[in-house]
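Same order as they appear, the protein sequences are chains A and B.
Position 46 of the first sequence, counted from 1, bears residue number 46 in the numbering used here, the numbering being contiguous throughout.
Position 181 of the second sequence, counted from 1, bears residue number 181 in the numbering used here, the numbering being contiguous throughout.
These are computed hints drawn from the structure, not numbers from a lab.
Values in this document were obtained by computation on a predicted structure and should not be read as measured data.
Glycine is no exception: its CB is placed at the ideal position from the N, C-alpha and C atoms.
It is possible that part of the hints are untrue.
[Claimed, not checked] No more than 27 Å apart at the CA atoms, straight line, and that leaves these computed lysine-lysine pairs for DSS-like:
#1 K234(B) with K246(B)
#2 K133(A) with K254(B)
#3 K234(B) with K108(B)
#4 K133(A) with K253(B)
#5 K253(B) with K63(A)
#6 K246(B) with K133(A)
#7 K251(B) with K63(A)
#8 K133(A) with K260(B)
#9 K108(B) with K51(B)
[Stated by the list, open to error] Label-pair distances were calculated between CB atoms; the ranges are:
#10 S134(A) with P226(B): 40 to 50 Å
#11 N78(B) with A149(A): 17 to 27 Å
#12 A232(B) with M228(A): 50 to 60 Å
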Amino acid sequence: VSAQTHGRVRPGGGVRGLRRPALALAIFVSCAAFGVSSASGATSIAAQATVASVPVFAAPNAKRPFRVFANPSADGSPLVFLVRRRVHGWVQVRLPIRPNGSLGWVRTTSVSLALNAYSVTVSLREHRITVWKSGRAITRAPAAVGRSALPTPTGTFYIAELLRQANPAGSYGPYAFGLSAYSTVLYSFGGGPGQIGIHGTNEPRLLGTSASHGCIRVANAVIARLAMMLPLGTPVVITR
Amino acid sequence: MHLRALRRSFGGRRLLAFAGLVAVFGVWFVPMASAHNALVTASLACNGSAKFTATAWAGPSAASRTNTDVRVFDSTDNGSTWTQVGTGQFNQANGFTFSGTFSVGSAKTIRVRVQEFANWGDGVKPVGPDYANASGPSNCTTTTTPTTTTTHTTTTPTTTTTHTTTTPTTTTTPPATTTTPPTTTTTPPTTTTTTTPPTTTTASPPPVTTRTTTTTPAGGSAPFLPPAQVAAAKRAAGVLAATRRKAAAAKLKKVTAHAKPASAVAGSAHFTG
Chain A
1 VSAQTHGRVR PGGGVRGLRR PALALAIFVS CAAFGVSSAS GATSIAAQAT
51 VASVPVFAAP NAKRPFRVFA NPSADGSPLV FLVRRRVHGW VQVRLPIRPN
101 GSLGWVRTTS VSLALNAYSV TVSLREHRIT VWKSGRAITR APAAVGRSAL
151 PTPTGTFYIA ELLRQANPAG SYGPYAFGLS AYSTVLYSFG GGPGQIGIHG
201 TNEPRLLGTS ASHGCIRVAN AVIARLAMML PLGTPVVITR
Chain B
1 MHLRALRRSF GGRRLLAFAG LVAVFGVWFV PMASAHNALV TASLACNGSA
51 KFTATAWAGP SAASRTNTDV RVFDSTDNGS TWTQVGTGQF NQANGFTFSG
101 TFSVGSAKTI RVRVQEFANW GDGVKPVGPD YANASGPSNC TTTTTPTTTT
151 THTTTTPTTT TTHTTTTPTT TTTPPATTTT PPTTTTTPPT TTTTTTPPTT
201 TTASPPPVTT RTTTTTPAGG SAPFLPPAQV AAAKRAAGVL AATRRKAAAA
251 KLKKVTAHAK PASAVAGSAH FTG
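Work the whole structure out from these sequences, hints included.
Have a look at this one:
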């Protein structure tokens, strides 16, 4: 897992506020902690559920789980987490629930782990989405983000689901990624729980502005390309 | 009511007589009630040497200033625990005063307590203790001479690390600061560490008690370590934690599988849009 698990990630794998020796140490420590050998420090681990229900614990060897996730999820997507840390027999994962940034521990017997070279960063100020593979930017595109009253939350999240839309010319475009992030303002929207997504748009003129209700809108061509590329569990780091 | 009218009436005369009595006896009784106590002053030098001087109250007679059992205590934790550092008595031979010195180690501030345990010479019972605070000079020069060496050994499943810490000693002696205690004390006598039986010390010479305070880090925390050593210990702890993480990671099964692009599920999105 890359350095984004220990600090704010900058395009190129750099961690803001750290100088080079500290950065090297942070990458070394995080890679050592996660058992990942990655020269660029940009590889994450996705944990896909292998059982019908996944209990999540507050700590390894806790007596009772504080949450149980169904697999597949309600909309039929396989249940996937982003691994933050590994210890023997357990993985600490980011959870796709409120509050943003929730963490929990899952037994390794409940999931299968897979390396993921992709990551996504979103700069709200620049209205730009960037897709990285092994530390290299492979796609940059303008994005529409939340307006000031309905801001897009910042933090480290991950892609939790991918939905193909029945109407590719609709407001979500042909595809919509559901993130593990939730609006801090809207607790329900259009029948959903205020979940943040990355999706296409039928208003491409608004790309590059702060016009959405919190979601990240990209051009339909971009979302179609990303849908063919990004695995579930891909880290999405949203910064100001 | 005018004073002349007050004098004429019988009730007024009684009131004036009572007021006169209060004026005369009040002046006489007030010092009587607040006296009969021991006073103490204390000072602390850079080298950890503390000095106290206990003095009897300025009573009207020698008997009222005489006490055969006076004890001096000190505290380096602002009065939570007390240690007896001296004992003596007030009599005409020592001029109703005695003094002593003791060592407080590396303590920067001390609190000294003097308390009489015998009745005063005129039969008045002990009143209560008197206190004085003393602080070391602020311009002491610190030289870190390794006088004691403490070894902490932390054992982990994979690594053993040894931290060596040294206790500093302070040298040089600028003029010590002295704080004068209040003249009257109404604090009730405390009963901590006063189980020592009365001594039969003669009047002179004044007692000198030496007490050495050793600051030994307990439970891994070193209260008087210099910042450089604290930083070194923190660095060592960080390296230790990194070593432990590395060892734990080595036990983990290496992930070799690679995630595949997501399979889209047909469904209507209900995201915030």
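Margin query: Hinted pair, alpha-carbon criterion (27 Å max): K253(B), K63(A). Please report holds or violated.
Written below: holds, 25 Å
Notebook entry, point to check: Holds or violated: K234(B) with K108(B), Cα cutoff 27 Å?
Noted result: Judged against 27 Å, a Cα distance of about 25 Å means the pair holds.
Notebook entry, point to check: Holds or violated: are the alpha carbons of K108(B) and K51(B) at most 27 Å from each other?
Noted result: holds, 14 Å
Check: Are the Cα atoms of K234(B) and K246(B) separated by 27 Å or less?
Finding: Since the Cα atoms of K234(B) and K246(B) sit roughly 18 Å apart, the hinted pair holds (cutoff 27 Å).
Item checked: Proposed proximity, K133(A) with K246(B) (alpha carbon, max 27 Å) -> holds, 26 Å
Notebook entry, point to check: Falls inside 17 to 27 Å, the C-beta gap from N78(B) to A149(A)?
Noted result: violated, 54 Å
Check: Between K133(A) and K254(B), is the straight-line Cα distance small enough, at 27 Å or below?
Finding: holds, 20 Å
Notebook entry, point to check: Has the hinted range 40 to 50 Å been met by the Cβ atoms of S134(A) and P226(B)?
Noted result: holds, 46 Å
Checklist line | Given pair status - K260(B), K133(A), alpha carbons within 27 Å | finding: Judged against 27 Å, a Cα distance of about 13 Å means the pair holds.
Check: Is the Cα-Cα distance between K251(B) and K63(A) 27 Å or less?
Finding: holds, 24 Å
Next item on the list: Given the range 50 to 60 Å, decide if the beta-carbon distance of A232(B) to M228(A) lies inside it.
Entry: holds, 54 Å
Item checked: Pairwise hint evaluation, K253(B) against K133(A), where the allowed Cα distance is 27 Å at most -> Given that 27 Å is the threshold and the Cα spacing comes to 24 Å, the pair holds.
This entry does not satisfy hint 11, going by the numbered hints stated previously; all others are met.
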